[in-house]
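Peer 1: Protein sequence lines correspond, in order, to chains W and P.
Per numbering that gives the first Met the number 0, residue 0 is the first one in the first sequence, and the count goes up by one each step.
Per numbering that gives the first Met the number 0, residue 0 is the first one in the second sequence, and the count goes up by one each step.
Calculated from the structure, these hints are not laboratory results.
Where hints are given, some of them may not hold.
Partial list, derived from the structure: chain P residues whose beta carbon lies under 8 Å from chain W [said to hold, decoys possible]:
#1 LEU93
#2 VAL96
#3 GLU99
#4 TYR251
#5 GLY253
#6 THR254
#7 GLY303
#8 LYS312
Restricting the straight-line Cα-Cα distance to at most 30 Å, the calculated cross-link-like pairs of lysine-lysine (DSBU-like) are [unchecked claim]:
#9 W:LYS68 with P:LYS240
#10 P:LYS113 with P:LYS95
#11 W:LYS103 with P:LYS370
#12 P:LYS294 with P:LYS407
Note that the Cβ used here is the ideal one computed from N, Cα and C, for glycine as well.
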Amino acid sequence: MNAKRDILSFETKCMKVTIDYSRCEAARSGAANPGCGFACVKADRMYDRGLLRIEGRRPVLAVPPGDAKKISNESLSWEYACNQAGCGAIRIAVPFPGLEEYRKTVDLTGRRR
Amino acid sequence: MARIYEHQGKQLLAGAGLRVPRGEVATTPEQAKEIARRIGKRVVIKAQVWTTGRFKAGGIKFADTPEEACVRARQVLETNIKGLPVTKVLVEELLKVAHEYYVGIVVNSSVNIKAPVLVFSTEGGTGIEEVAARNPERVGKLLIDAIDGLDIGRVRDLLTRMKVEEERREELANAIWGLYRVFRDYDARSIEMNPLVWTDDGQAYAADCHVTLDDGSIFRHPEFGIEVPRDMEREPTKLEKLAWTHIEESDYRGTGYFAQMVTDYRGDKVYVGFHGIGGGGSMLGAAALINKGLKIANYADTSGDPPASKVYKVVKAIFSQPISAYVMTGACLANQEQWYHAFALVKVLREELRDRPGFPVLILIAGNREKEAIQILKDGLKDMDIRLEIYGREYIYRSDYIGERAEKLIAEYLNEERGAE
Numbered sequence: 000m001n002a003k004r005d006i007l008s009f010e011t012k013c014m015k016v017t018i019d020y021s022r023c024e025a026a027r028s029g030a031a032n033p034g035c036g037f038a039c040v041k042a043d044r045m046y047d048r049g050l051l052r053i054e055g056r057r058p059v060l061a062v063p064p065g066d067a068k069k070i071s072n073e074s075l076s077w078e079y080a081c082n083q084a085g086c087g088a089i090r091i092a093v094p095f096p097g098l099e100e101y102r103k104t105v106d107l108t109g110r111r112r
Numbered sequence: 000m001a002r003i004y005e006h007q008g009k010q011l012l013a014g015a016g017l018r019v020p021r022g023e024v025a026t027t028p029e030q031a032k033e034i035a036r037r038i039g040k041r042v043v044i045k046a047q048v049w050t051t052g053r054f055k056a057g058g059i060k061f062a063d064t065p066e067e068a069c070v071r072a073r074q075v076l077e078t079n080i081k082g083l084p085v086t087k088v089l090v091e092e093l094l095k096v097a098h099e100y101y102v103g104i105v106v107n108s109s110v111n112i113k114a115p116v117l118v119f120s121t122e123g124g125t126g127i128e129e130v131a132a133r134n135p136e137r138v139g140k141l142l143i144d145a146i147d148g149l150d151i152g153r154v155r156d157l158l159t160r161m162k163v164e165e166e167r168r169e170e171l172a173n174a175i176w177g178l179y180r181v182f183r184d185y186d187a188r189s190i191e192m193n194p195l196v197w198t199d200d201g202q203a204y205a206a207d208c209h210v211t212l213d214d215g216s217i218f219r220h221p222e223f224g225i226e227v228p229r230d231m232e233r234e235p236t237k238l239e240k241l242a243w244t245h246i247e248e249s250d251y252r253g254t255g256y257f258a259q260m261v262t263d264y265r266g267d268k269v270y271v272g273f274h275g276i277g278g279g280g281s282m283l284g285a286a287a288l289i290n291k292g293l294k295i296a297n298y299a300d301t302s303g304d305p306p307a308s309k310v311y312k313v314v315k316a317i318f319s320q321p322i323s324a325y326v327m328t329g330a331c332l333a334n335q336e337q338w339y340h341a342f343a344l345v346k347v348l349r350e351e352l353r354d355r356p357g358f359p360v361l362i363l364i365a366g367n368r369e370k371e372a373i374q375i376l377k378d379g380l381k382d383m384d385i386r387l388e389i390y391g392r393e394y395i396y397r398s399d400y401i402g403e404r405a406e407k408l409i410a411e412y413l414n415e416e417r418g419a420e
């Protein structure tokens, strides 16, 4: 938990997940039934492995951070659900070491004509 | 199946007690000259590339003197064999050949056999398939029990049955037995000596050696320095190494295969990023694109139920090439829920195509959770300014149509750009 920016961040096997509560519709409104309908938690139950739950009217990690690496099936569904129903508060990075550096050495434009 | 070079294979054979021609590897003509001088007799210069047909392609040349070896090595090192640059040559003594045999061992994975099979022919130096078709009586086989291994007595019996001259049998049997030990000890999938030479002075030599290794065993053999254990005719590219290291090697959850079909991009060509799910459907999709004259930049496969994070990385690798379209043909698979692919695709396409208006994206996705996957794609990409077409299971046998649509979308995309100028 990052106290300064009110952010929840945790890692799974290949992902780095961040929930920015300052953008999270549920956390901002404090409503029991926010406009997003806790879409990220619903997506988690449908597509992932129960890593998120609602606590204090916001999505929180439902398992110890160390267990997230073992449990998640890395569905990428939380970010999608938040983008679709919420305010884009969830960001998932999937690190691919060396790829950005490689891409700088290649003209990726492709033929356009 | 990963390959090793001829010179590496010969080192293994020599370690197992087989005779191999005296020789060394050179990367420059000058080194070749020095090696020829040390050998002190006629030499053969052989391109070290992972492909067959080297002689016809100018990859094998002969030299009488060290000076000529220098000239010939330069010629070979300037050769491009089947698109593969030659970076090293094997310079070795030229044998005085009395007779050429063939011997190979290959894992036959057909359901009725599932065991290594030893193939021996009294005619070597040419394709074994050709000999088997023309003169089947010259080819003999032994089935090797995977548990009990190969008894040298059975090899002797085979040579007798094949009417090999009696005075040669023991030495040839020992050579074949040595080949088997290399096959077994180094976890090979196939190994062959073609030819196994009988020299004028009555000795058996492994004049050539091809070895492919079981990909799953590469971790046991760091001595080969194989970075990407695959059946490839060339060294892996930087992108393939990255993909192997960060997608496949450390993550056993499903397949995340990525291989480049093009390594020297040309500015006047249109390349398609290709992504298949499952072998059969992927092949149909790839063939449909090729039949339309489209050039596939890569081959990728994400089957076996990989997580969305793994699919994401494969598609990122695909977009790390100069492509003008992305085509996915996802076969109708029962062992994975396709919505994970949909989540991955939405994420990558949103990242990659934000600034590429009109970019052609054609997705055929079929199988479990197909309807939901298609809805996720439609919803997730609805605000994207791209040429998006999504198809479901009713199109899995209509690969020609998928090819036609890809061709059309790409033509529109290219024309649009031309019109804008």
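Peer 1: Against this structure, judge whether each hint is valid.
Peer 2: The hints, checked one at a time:
1. Of the supplied interface hints, the one on P:LEU93 is violated, with its beta-carbon coming no nearer than about 43 Å to a beta-carbon of chain W, more than 8 Å.
2. Nearest Cβ of chain W to the Cβ of P:VAL96: about 48 Å, over the 8 Å cut. The hint is violated.
3. Restraint check, P:GLU99 versus chain W: the minimum CB separation of about 46 Å is more than 8 Å; hint violated.
4. Taken as an interface hint, P:TYR251 does not check out: its beta carbon lies about 11 Å from the nearest beta carbon of chain W, beyond 8 Å.
5. A distance limit of 8 Å between C-beta atoms decides the matter here; for P:GLY253 the minimum to chain W is near 11 Å, and the interface restraint is violated.
6. Because the closest C-beta pair between P:THR254 and chain W is about 15 Å apart, greater than 8 Å, the hint is violated.
7. A hinted interface residue such as P:GLY303 counts as satisfied when its beta carbon comes closer than 8 Å to some beta carbon of chain W; here the least separation is about 14 Å, so the hint is violated.
8. Of the supplied interface hints, the one on P:LYS312 holds, with its beta-carbon coming within about 5 Å of a beta-carbon of chain W, less than 8 Å.
9. As the CA atoms of W:LYS68 and P:LYS240 are separated by approximately 25 Å, the hinted pair is consistent with the 30 Å bound.
10. Annotation: proposed proximity of P:LYS113 to P:LYS95 is violated, straight-line Cα distance about 38 Å (limit 30 Å).
11. Restraint check for W:LYS103 and P:LYS370: not satisfied, since their Cα atoms lie roughly 38 Å apart, outside the 30 Å limit.
12. The suggested pairing of P:LYS294 with P:LYS407 holds, with an alpha-carbon distance near 14 Å, which does not exceed 30 Å.
Going through the hint list in order, the structure does not satisfy hints 1, 2, 3, 4, 5, 6, 7, 10 and 11.
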